[in-house]
Amino acid sequence: MILWIILIPLIGAALNGLVFASGFWKKYLRGSEHTEKTVVSIVGCGVVLISALISSALFFKLLSMEPPRREIIQNLFEWIPSGSFTVSFELLLDTLSCVMALIITWVGFLIHVYSVGYMHHEKAYAKYFTYLNIFIFFMLTLVLGNSFPLMFVGWEGVGLASFLLIGFWYEKPENADAGRKAFIVNRIGDFGFILGIFLIFFVFDSVNYQEVFGRASDPAFMSAVPATVITVIALLLFVGAVGKSAQIPLYVWLPDAMAGPTPVSALIHAATMVTAGAYMIARCSVIYSQSPAAQMIVVTVAALTSFLAATIAITQNDIKKVLAYSTISQLGYMFMAIGVGAYTAGLFHLVTHAFFKALLFLGSGSVIHALSGEQDIRHMGGLRKFIPTTAITFFIGTLAIAGVPFFSGFFSKDGILGSVYERGYSIHWMIGLVTVILTALYMGRLYLLTFEGKSRVADKIRSHIHESPLTMTIPLMVLAFLAVVGGYMGVPEFIGELAGIHESNLFDKFVSSSITMDSFVPAGHHLLSHTTLLIFSIAAAAVGIAGACYLFYFRPSLPEKIASNKTIVPLYRGSLRKWYVDELYDYVFVQPFRYLSEQASKFDLRFIDGAVNGVAAVMKDMALTLQAAQSGLLRSYATLMGIGAFAILVFIIIWQSL
Amino acid sequence: MESLLSGNLSLVIFFPLLGIPLIVFLSYIYKGSEREMKIAALAVSLINFVLSIPLFTSFAGGVPGMQFETKIPWIANLGVSYHVGLDGISLFLVLLTTFMMPITILSSWHAIHKGMREFLILMLLLETALIGTFAALDMILFLVFWEAVLIPMYFIIGIWGTERRIYAAVKFFLYSAFGSALMLIAILYLFFEHIKQFGAPSMDVLDFYKLTLPFYGILSPQGLLFLAFFLAFAIKVPLFPFHTWLPDAHVEAPTAGSVILAGVLLKMGTYGFVRFLLPFFPQATEKYLPILIAIAIIGIIYGAVVAFAQKDLKKLVAYSSVSHLGMVMLGIFVLNLQGVEGGIYQMINHGLSTGALFLIVGMIYERRHTKKIADFGGVAKVMPVFAAFFMLATLSSIGLPLLNGFVGEFLILLGAFEFNYVYAALGATGIILGAVYMLTAYQKVMFGPLDKQENKVLHDINLREILVLLPIAVMMFVMGIYPKPFLSRMEPSVEALLETKFPNTAVVRKLGDERPPEDRSYPESPE
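As they're listed, the protein sequences go chains F and D. Using our numbering, the first residue of the first sequence is number 1, and each one after it goes up by one. Using our numbering, the first residue of the second sequence is number 1, and each one after it goes up by one.
Heads up, none of these hints are tricks.
Partial list, computed: chain F residues near chain D (C-beta under 8 Å):
{"no.": "1", "residue": "Ser-22"}
{"no.": "2", "residue": "Phe-191"}
{"no.": "3", "residue": "Pro-226"}
{"no.": "4", "residue": "Glu-598"}
{"no.": "5", "residue": "Ile-608"}
{"no.": "6", "residue": "Val-612"}
Derived by calculation from the structure, the hints in this document are not laboratory data. We put the CB at the ideal spot given by N, CA and C, even for glycine.
Put together the whole structure using the sequences plus the hints.
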């Protein structure tokens with residue numbers, strides 16, 4: 001049964017790819033373009049819907065099972081057997097992978113439907129849906145595989161889909177560049193991941209989840225394993241996560257990835273693929289929980305990423321770039337929770353983020369669609385009147401991400417900040433809190449500059465502004481609904497207690513049966529009480545929103561003044577230019593590699609091949625010299641023979657007398 | 001008939017030669033057209049492929065020794081015999097040859113503008129020589145086939161190549177022949193050593209396995225013999241720093257030559273290491289393992305770095321071969337099941353992926369008469385089907401999971417990790433660098449604006465060209481998704497090699513062979 005979840009999207013991809021994207025339909029069957037688009041849309045969306053329905057059915061099946069053993073395993077065939085190493089094509093549906101599958105298929109389905117409208121005019125329509133279905137296939141393989149190599153299959157596969165879709169409009173070199181950058185940066189992460197798999201096999205003699213985690217939670221087994229080795233495993237896997245989930249230092253590919261079509265940004269670069277790293281660490285909770293050193297590194301990288309990305313988001317002018325940096329920042333939140341061992345809190349943010357960030361991206365797509373491709377918020381403004389549905393849903397998304405009470409982001413973010421503080425990472429908590437202010441500020445800025453105030457849209461475009469078709473707005477509405485109510489699935493216990501609800505966190509209860517949590521008991525004696533924590537984060541969001549309103553609504557001329565202030569200028573420019581990290585990488589890695597490559601190529605030609613040809617040349621010279629001896633003159637032959645015979649004679653005499 | 005269905009190795013070796021009188025007949029007596037000759041050659045190679053399938057299907061699993069063996073005395077008083085046979089190591093190389101040959105002939109349908117008859121004859125000759133090389137179990141027979149490969153290849157490069165073809169052909173021939181000459185001397189030494197040790201002359205490979213050769217440094221008999229064999233194979237592979245003939249040969253060779261050269265011929269070297277060097281000289285191999293592994297790793301990184309700088313598409317693929325074959329050698333030298341199996345698997349993978357890449361470069365060369373990367377750009381727009389195949393070959397080459405390359409690279413690096421994690425880490429940089437140069441090249445050729453007039457009129461690949469690429473594409477998926485039938489046939493032979501020849505160094509852990517947790521040597525840790 002689980003197999004069909006992943007197989008059906010693949011069948012969809014094969015159908016759309018081989019029949020339509022290949023040109024077979026148009027060229028050989030002489031089919032019409034209209035039929036093609038209809039069939040492609042139905043197949044493309046339909047297969048994801050079927051997957052979503054199967055996932056849902058299996059979700060209810062899991063619910064009907066007894067809590068500790070909520071898992072279904074399906075073994076298909078032995079994949080790579082070699083000596084003591086073996087790995088099977090085996091799928092695992094437990095509460096963790098089930099949640100992931102539900103998000104991937106349902107949010108994925110909505111985005112597929114949205115794409116029908118968004119990509120309507122696209123010539124390579126069939127190719128687009130083929131790629132999208134391939135992505136769903138690999139993403140589901142990633143979460144449903146029951147071993148590290150199978151996760152790696154999905155891991156690299158989504159990287160491929162991402163590469164193809166970022167560079168979808170490959171005629172523009174910068175789009176193709178962005179796709180390649182994404183693939184290569186991810187490969188650097190995969191380098192760590194694959195070494196991590198090797199080390200896991202070396203230590204645990206298996207790569208299958210049950211066996212590895214079984215042994216890892218067996219104290220007798222672990223007593224022979226040095227703690228450093230566990231830390232190294234955790235960190236190698238984290239290198240993979242850093243690449244895929246765009247954390248420092250490998251986050252640089254994600255902003256560029258916005259070159260792809262906007263639904264792709266929503267699906268791959270916000271809701272699903274980039275959260276794979278968080279999934280991976282949650283999956284390996286047994287390992288991470290045994291390595292405080294690795295946890296410290298994860299949470300620190302996460303907090304810094306979250307903060308750094310927010311400082312960049314605040315000055316960006318491209319609507320999608322703001323959302324991209326916001327995604328990086330929000331991923332940082334997820335990793336903070338996961339790093340401190342609050343896996344379910346992190347995963348819950350993963351879920352709510354999938355709702356509101358997909359919503360925001362699709363909303364931005366709707367804006368771009370309405371403005372015939374304009375992405376610069378300096379040329380927007382006042383759009384609420386023209387595209388009200390988009391504006392309202394975008395507004396809801398903004399409130400959700402900003403952490404306004406009773407929206408989903410509020411619950412998930414407070415769950416994270418609460419657990420980070422409770423577990424004693426107060427500095428990280430403070431960074432997180434500052435980031436909340438920044439988040440509210442940049443999202444408020446984005447919303448206000450886009451939808452409110454005076455219109456700055458070019459006259460030529462203004463006459464064409466139109467609300468998007470239903471295929472696009474319905475997904476927006478559904479996601480907006482989820483962005484509001486999604487939070488109530490997992491109200492953190494401490495908020496629940498304040499409201500007098502017992503066992504409020506249903507999400508935690510469901511997912512935690514697949515996760516080995518830290519043996520953490522809330523100490524209870526912290527400087528700040530739960531209520532104070534809550535007040536702090538509400539206040540942070542309020543400050544950010546108020547700031548945004550003041551700066552970008554009531555005093556719209558003020559931001560420019562601030563930015564041109566002498567002391568602020570370097571900061572402003574730094575933020576605008578993304579703290580020059582791309583330039584730094586170019587200078588430190590890319591250019592030296594190019595130089596090295598050129599030099600090595602010259603070295604190869606001059607020295608290595610030169611040596612080979614040199615030997616040949618010496619031979620030739622020798623031949624030419626000796627050629628003189630072959631004069632054809634009998635006299636000289638006789639002389640040489642005489643000298644030779646004499647020499648041999650002398651040699652023999654000396655030899656004998658010795 | 002029964003022997004046909006159960007596999008007849010000698011028939012597979014010599015069947016291609018039947019095509020030669022057929023082509024001669026068609027040409028001189030029947031006065032047929034070139035087309036008929038091409039069809040005849042294609043049919044012969046296709047039938048030979050069909051004949052080779054039973055070798056795979058009726059290959060007995062779990063048997064480490066030789067199968068489909070034939071041994072007939074040839075020069076009896078010198079102990080030379082016609083001895084052929086296959087084990088899990090050579091089986092797939094024979095199949096790779098019979099699989100690639102019809103594809104290559106089909107790919108040259110319009111690419112050969114002169115001397116089609118001679119070209120086809122040489123290709124069939126080449127097929128026999130290649131299969132013979134992989135099947136021979138007598139040193140003299142091996143040497144005959146080994147040298148016989150050089151001749152048709154020399155002519156294929158030298159006659160049907162591009163401008164500097166003569167230079168490339170001579171370089172290829174002399175470099176290879178230099179290695180073989182050293183090997184010949186070493187073989188003669190082994191022959192006399194066999195008489196000394198066993199009192200009877202023999203040239204049989206399996207007899208040579210039983211020799212004991214004193215080893216105490218590079219100037220000892222085993223050391224020198226090792227060096228001679230090493231040079232012969234290292235040049236053939238080619239290993240860094242003996243690789244410079246390869247880019248020249250590839251750049252000048254016609255597509256068919258490049259495909260066979262990269263796809264099959266280079267495997268003679270890697271195969272030679274496994275079949276001869278390792279079992280003949282185990283002590284020397286053990287002793288020089290660090291150097292051998294270092295050469296392999298340098299090859300991986302160096303080949304990739306140099307590939308990135310190439311402006312000529314064929315040269316880029318040629319240097320990528322240097323990198324990939326370094327990977328193969330790394331797997332072989334780490335002397336454990338995963339490494340060696342991965343190495344052999346990767347030989348086949350490289351044959352498929354690099355073969356496909358050369359076919360692809362050939363197709364675009366036939367259209368544009370240039371291989372310079374800078375002359376292209378945006379080609380995906382006008383050649384979408386071609387773009388898809390090119391992408392697939394690229395992905396196979398850079399080891400994307402579910403395609404063949406991943407299985408090989410994964411096993412090699414896993415084996416390397418078990419041997420020494422530093423080697424694995426260094427080798428794994430190859431997976432990053434591979435993506436760097438291959439995707440960059442792909443992007444420059446296929447993506448970007450379609451701004452050159454000559455590229456705008458390119459037509460997509462036709463049915464014949466699809467038929468050329470499709471079988472390889474299918475095999476890439478098959479070997480990536482279900483490698484078990486391949487690996488399980490290799491395993492017993494690899495296991496036997498490691499266990500009998502390297503009882504001290506090799507780590508052979510079979511399935512279910514788990515170690516107690518304290519039985520692992522971790523590198524220094526503070527605890």
